[in-house]
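Residue numbers (our numbering), protein chains in the order written: chain A, 1 to 676; chain B, 1001 to 1073.
Hints were generated in silico from the structure; no laboratory data involved. Each hint can be trusted.
Distance ranges between label pairs, derived from CB positions:
(1) S1021(B) to K449(A): 26 to 32 Å
(2) I1014(B) to E116(A): 23 to 29 Å
(3) N201(A) to E1011(B): 21 to 27 Å
Computed cross-link-like contacts, EDC-like style, restricted to lysine to aspartate or glutamate with a CA-CA straight-line distance of at most 16 Å:
(4) K1002(B) to D1019(B)
(5) K1064(B) to D460(A)
(6) K7(A) to E174(A)
(7) K193(A) to D1019(B)
(8) K112(A) to E205(A)
(9) K1044(B) to E466(A)
From the three backbone atoms N, C-alpha and C, an ideal C-beta is built for every residue, glycine too.
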Amino acid sequence: MNDVISKTFLITLVGPPNSGKTTLFNYLSGQNFKTVNYPGATVEYSVCKLLGRFNLDASIVDSPGIISLIPNSPDEKVAVDALYNHPRLGSPDLIIATVDASQISRHLFLVKQLIEAGFNVLVALTMTDMLLKKGFTLNEKELSEKLGCLVVKVDGRSGFGVNTLISESLNAIENPRFYNKRKPLLFEENVNKNWLIDIYNEIEEIEKKVLHKVISPGKIEAVNRKLKIFSNPAVANHNNSIDNTTLKIDRLLLHKYWGLLFFFIIMAATFTSIFWLAQPLMHLIDQLFGFLAQTVHNAIGEHWIGDLLSNGIINGMGSVLIFIPQITILFLILGFLEDTGYLARGAMLIDKPLSKIGLNGKSFVPMLSGFACAIPAMMAARTITNKKERFLTIFIIPLMSCSARIPVYLLLIAFLLPFNKAWIGGIILAVIYIMSIVSSVVIAAIINKFSSRIIKATDDSSFILELPSYRVPKLRVVFTNTYYSVRMYLRKAGPIIFFLSIIIWGLTYFPDSSPKTDTSGMSKDEISQVVNAERLSGSYAAYLGKAIQPVMSPIGMDWRVGVSLISAFAAREVFVSSLALIFKVTGNERSLQTSIVDAMKKAEIGSTGQKLFTPATIFGLIVFFMFSLQCLSTVAVSRKETGSWRIPILQIIIFTSLGYFFTFLTVNGLRAFGIN
Amino acid sequence: MKTAADMVHGEKGIINNIDGSHPSSRRILEIGFTPGQEIELINKSIFNDPLAFALRGTLIAIRKNEAACIILS
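Isolated chain A (complex conformation):
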């Protein structure tokens, strides 16, 4: 049969959010798909070849979840237009519409529109087990007749019914019983609302006929009791109840006051686990790459190739992989919260305060993710349908204190503290985090005031969100989704960070002037240390650093800090290793941090005898790292997600000048108060 088919068919999956569409897509693709942007848009779709074992040569497209064929935003318009005529793949031979069987009264709305438009539609009925739990069954033959398209029951989690779905798909493509091959109709945006109401009325009629109450013989008494409650026969055939467990849990989790308390507890728990669970793993990765770099360096010796391999490539890979533990844990927790149904509730709880500053309840997941890394956070902002709110969310994400800043803060705080008062460091760190939230809120509010000038979008603000029933999360689903999110991070951010690390390496290594210091009588380690330091102070990076000396002087710093700040554009934590390099520190004897702190305490500005690092300049540096946008990968992702250079360039200018301005205020303010 297979060799008769000469053409690759195009099948598009369409469905409302929470209809099991993506789960089905993952099953059909065997998790092997490409995620691509629609040309010229920030909206994405996934595409795959149907697995070989299904014996059907077809490309499957997973389109973004929509509830209606009439778009409500420019992004939805891109998604809807692509259903009619995909910019790369053409018009679909078949549309598989996913419908949650326990939600047919709402999910059939899109199906009715698709059929009315004239698409070749096949309905994949998902979550029939949920319907059964509610005490109903559905006859798919009856539904098929009433709708005028094929209906197949499937379960994308177990694969139940998928073979039938595929054979019926081929059937629907080759012998379209219900489909008259005309060009699908495009609906007008200013559609008559009575038409929408009529569609729903028709669905209600269909629902009454195809849903059947389950009566098991042993439970007749119980059912009879229930039937008495449902005294109205019209109600009895409806599936209007929400499961009781969900209502009970929501009485607590959505409680006016308790709800907020639970929200903060859940968020705090998420936060602490991102940091505490990830810390040992990050340390391990750090040590592993340090060891690898050292080994390679020793094996090749003092040569630029050895240095490129160890300090450029291996450390560059390390600076990508170091974030994997945090990002994995973040996605795991978010995946669990999402699969249980809580995330939508969190968005609802926080919507009002966020809407005051021009954000949306849906901004909270991206903002939370921003504390791990801005890159997945900006990608998570896609769920915000309103463009203005989405761009504003993306705009303030770099202010969230991401994990790359932790090593910097830890070093700077260590400088400020005596050894026996480590707990003060915890307090300073907590203050930094709170300040990062406060500053992002203030800046969002200010930008919201001038939003028409900064963010050009005029959609009406709206918050309409389905709160799905609570359920036990499926581990396999959460784990595979986490795996794909992490893989996406590696693919998108990895090459940029890696590439930049090599550039920064080149800037700090070349022109590789040979040392002028007398090295006689020094040990091999000492010589290599001196050579490294001399090379850096003669490098292009130092040249750049000296060029920005006039900018560094007002904030009490010199070119050496400038070089480290420039290096930090590859990734913020590079600041620490760069300082180590400049102040000729090696971590052989004691921990690297203690050695850098010691060297920093000795450093002087020029030969004036004036100390370079004082509490004032250290606080200044902390403030600088809180505000300035130093991460080029963030800039690249911001460009990609907003579709132009406008927002990322504004982010660099605004945040970096804010950072500089507040550092200037901090350093000189503290000095004015006699703290030096």
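Given the coordinates of chain A, assemble chain B onto it according to the supplied hints.
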């Protein structure tokens, strides 16, 4: 004229009409708030906004100003 925004906790009501002048009215209709449907106010978020309604066997959260375009009978 009573709207869904005026409902109290646990109150049920039947939708009479949707105010078409509201910018979100089409989306409100599309998600299933249609005339004749029974809705129940299940939860209010802090500051009484957004509101969660039981509708067609599921919970839908909408903002108070959006609930104001749902006219009850």
